[in-house]
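**Student:** Spelled out, the chains give:
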Amino acid sequence: MIAEHLPVLQVVLPLVAAPLIVLLRRDTAAWLVATAASVACLAIAVALALAVARGGVISYAIGSWPPPWGIEYRVDALSAFMLVLVAGIGALVMPYARASVAAEVPGRQVYLFYAMYCLCLAGLLGIVVTGDLFNIFVFLEISSLSTYVLIALGRQRRALLAAFQYLIVGTIGATFYVIGIGLLYLVTGSLNIVDVAARLQIATELRPLLAALAFITVGLGLKLALFPLHQWLPNAYAYAPSVVTTFLAATATKVSVYVLIRFYFLVFGHAFALDGLPLRPLLVGLSAAAIVTMSLVALFQPDLKRMLAYSSVAQIGYITLGLGLANAAGLTGAIAHLANHGITKCALFLLAGGIALSCGSTSIASLRGLAHRMPWTAFGFVVAGLSLIGVPGTAGFTSKWFLVEGALEDGQVWVVVLVVASSLLAVAYVWRVVEAMYLAEPDAPAQTPTRAPLLMRAPTALAVALTVVLGLVTAYNVGYARRAVELLLEGIS
Amino acid sequence: MSAFGGHYSYFVTVLLMVAGLYVTIARGNLVKKLIGLSIFQTSVYLLYIAPGKLIGATAPIVAKGYASYSNPLPHVLILTAIVVGVATIALGLALVVRIREGYGTIEEDQILEQDRAPDEPAK
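So the sequences go chain by chain: H and P. So the first sequence is numbered by the working numbering: it starts at 10 and just counts up by one. So the second sequence is numbered by the working numbering: it starts at 686 and just counts up by one.
Bound conformation, chain P alone (with noise of 0.2 Å):
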């Protein structure tokens, strides 16, 4: 196998990564950002599973007839990592939206605006 086609969900990874990244500092929207966060974190999890599967190997549950097992350790990680991700975006979400109410616009640069202003109301 070439080094692309052998390795090619690295290179969707890496691709996902830097464009999740890049929406997230790139952006102004809050939720946009929220959104690219969520893709930059998604690659990760296929940097994880990936390479835990074994091509031609099973789930890992000992019967007859089969020798080779997927690695479960990956897996397993991930679904810890996606609850996390889960809440991250979640808050990030409650926060946008108390964010919406106190300021009126999810926009960064307007927030950052009414922010300079000098006399603020208490929430």
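Looking at chain H on its own, in the form it has when it is part of the complex (with noise of 0.2 Å):
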């Protein structure tokens, strides 16, 4: 009975505790109940993944409305791979938010910080799993609203800035897109993404349709932070508070490469979508000059989390590579590092969150001689790192090496090179943070710092673990990848 309505319930759960939280008042209360519908999304999400993985598509008619005039709810082999990491990733941080927020936000707005994160995570997993235009947009202006509040309620006054910079970069980027989705409306008459797909085979006006193409893929561009559309990012990433920064970082962007991808290859059909405009080499250069600038500008960077956020820059340039590439190796690396990187990065994040809470700074001066009083932390700092560095047997050695396949397969040896080339780069701007903390003597007579409580430790060890465990067994990210890249490569034909 309950199985059945599963979709809807993945968005309705935090959803509805948002409000509720915010009639509760009390910190505790409501930090139980944003981790509970953390961990039954999570849950959920798991159910829909298996399911889908024993009988294909699951479309769900919200109030019983039958596409396409209704909503459709739509779960696939590629969003229940998005939907596990974006409910994985919130059922993780939320045991660490505990400490980390009590520390990092003014405590009346503690229950606030709560409501704003089940408001944030219902509209990242609607984007997910709507199979619906127009929804998409209503989910990703619910998720994008509350993100700005959760980045200003960082502790500098710079928060505030850097999330009134994101509100305008994000709304320009979700007008864009909705304007491109008005276009698409015009010309078929239709919102549903099987729907349109359908009528844009036989449409005659190819105009319209580039135009919509050009203003979604700049509007996602823009979400996504695609290089030379990401500035609002390492401003929001640095001074949010760090839980934020971590689920931010994780899902939000990835979610929104989730939906081009959907785009390219489910409603446009990559013939038309990647060749119809020059979007290949516009993706491939992009993504190289992402990869490359960022990771340079990444070495320079006096703060950790600053840092941090332009390699996410750069990480996301490996995830359009792949979809600029757009053959199976290349998009199989791109989606399994949609989950890699989200690990990873969840993993620094968390540590940086740990770090932030124990010594008050993450500048990476404070951080000389850490290894001497957190050795843990630091450990798993060296072994986050290697994930980001793309290390055989950790996570991010395989996407990159499905990368480097599709880029071999397509002939274009410098892609290559380039991938290589920025993997070092990666080594000199870890190594940075890792000489720090080993090798450099503290600066002031070290003080014992304050131990982070358990219910920190255990999810930052558990992201660390799962750095080196889906490097070592590659059958739920890459085999998920895999999978979701044969239903996108068969698309609409």
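Mixed in with the good hints, there may be bad ones.
[Stated by the list, open to error] Derived SDA-like pairs (lysine to any residue); straight-line CA-CA distance at most 25 Å: (1) Lys738/P / Ala220/H; (2) Lys717/P / Gln174/H; (3) Lys738/P / Gln174/H.
Simulated from the structure, these hints should not be mistaken for laboratory data. What you are looking at is a predicted structure, and each value in this text was computed from that prediction instead of being measured.
Assembly of the complex is requested from the two constituent chains, each provided in isolation within its own frame, with the hints serving as guidance.
**Tutor:** Right, dumping it as structure tokens:
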């Protein structure tokens, strides 16, 4: 009975949890409700993924209005993969949030933090699960508006400006997206993804479609921080509370990439989308620029969170690179990297949050000699850093392997050189931190840091362990990515 | 009808769109940025609403004597978009108020200048 309503419950649960938290007003109760909602979402996501693996695509008609008239929720191999990623990260950061948020967010705003987090989770899951183009916009704005608030909750006043700048850029991005959808609607008269795709097959007027494609690409490019549309990201990540940075870095940009993938392969069809406009060379070129320049910029950042933020823009470059290659191996790499980088960055930002709590600062200068005071944190950073670099045996390696394979298949040897060279840059910026932690002498006489509570240490350890496990056991990330790619390349034919 | 006369609503839409976007990017005053953003969003409402209207058609209520109806779906979509737009502007203005409290100004260049100063008081 309940099983058939799982796709909608996924979104409704956190959506209902948010006002409930506002009514409760108690910090502990708010945290409990948010955690319960996150864990329930993960359980539902896993159940849906298993059901999709067994029985194929699940279609759910909201309010029993059959698609294409009503809004359809649609879970296929790709969206099930994303659901598990988003809900998994959500369930991972919530136990961690208790102590971290209490330390970083002003006391009377703590319960509002959890309400906003629930809205953000509902929005992100909604984007993934919906099969309606306009519904994607609504969920995009639900997640974005709550994200702006979450960023503004940061301790420094710079967080306010970062949130405002993100609000301007994010709204321009979302509005571009709506313009694109509007043009698509004018041509096809439908908003259901499957229906639009079918009607586009027989569309004769191609010019508005190219305009729609361009608007949607730029709009989502702003949201996913595609170089050079990434300027909002470093400030937003650097000044937001640690939990927010972790959650956003691992999910928000990834979900926008997912929407872009769906547009290219399931709405427009890759033949039209990638060859109608010169998107293939554009995506590969911009991704290459992102990977090199942002890795270089990361190398010179004085603050750990900021460095990781720039590294995120570079890593998003790897994902869009696979999208631009658009062959089976490249796409598998891109989709696997969504999860692999999500987990890796989640682990790194969780560690950074732990450091912020214990030492009160995340500047790299303050990390000097940290390995003596917090040996496990330093060790975790080394392991997750190796995954960021892409050392064999870690999650980061598997996706880069497929990207290299995809580039070779495409005959673009320079891309292979670039991926290897940029990995060396990653070695350099990770090494800076490791050197400060292990080899440098502390400036001040070492005072014993306050020990982070178990609820923070356990999720961090789990995230670090996952970066290794996903590198050794590739059945889940690469296996699911493969299945999703089969679905994409089969497309709408 | 000429290309211009038959499609003049599109020209208005594009004009508003470009004007709004320009104000958002070019102005340094945070409130003016939000005004530009609002104009930009409003242009999209027009982009949706105008094609839904058929000349000589009525509201989509089935009644004797009326055969052609306007398309109600764009109106419904834009009602949603308006709500989103209002929420965005409200949140943006709230942030501007907080920024004014933190920095004492809402001019972007002055704020950035203050941020360049190395030590900053906690909020």
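**Student:** Take the hints in turn and mark each one as holding or not.
**Tutor:** So, going through the hints one by one against the coordinates:
1. Between Lys738/P and Ala220/H, the direct Cα distance comes to roughly 22 Å. Compliance with the 25 Å bound is thereby established for this hinted pair.
2. The straight-line distance between the Cα atoms of Lys717/P and Gln174/H is roughly 13 Å, inside the 25 Å bound, and the hint therefore holds.
3. Taking the CA atoms of Lys738/P and Gln174/H, the gap is near 36 Å; set against the 25 Å cutoff, the hint is violated.
Hint 3 alone, counting from the list given before, is not met by this structure.
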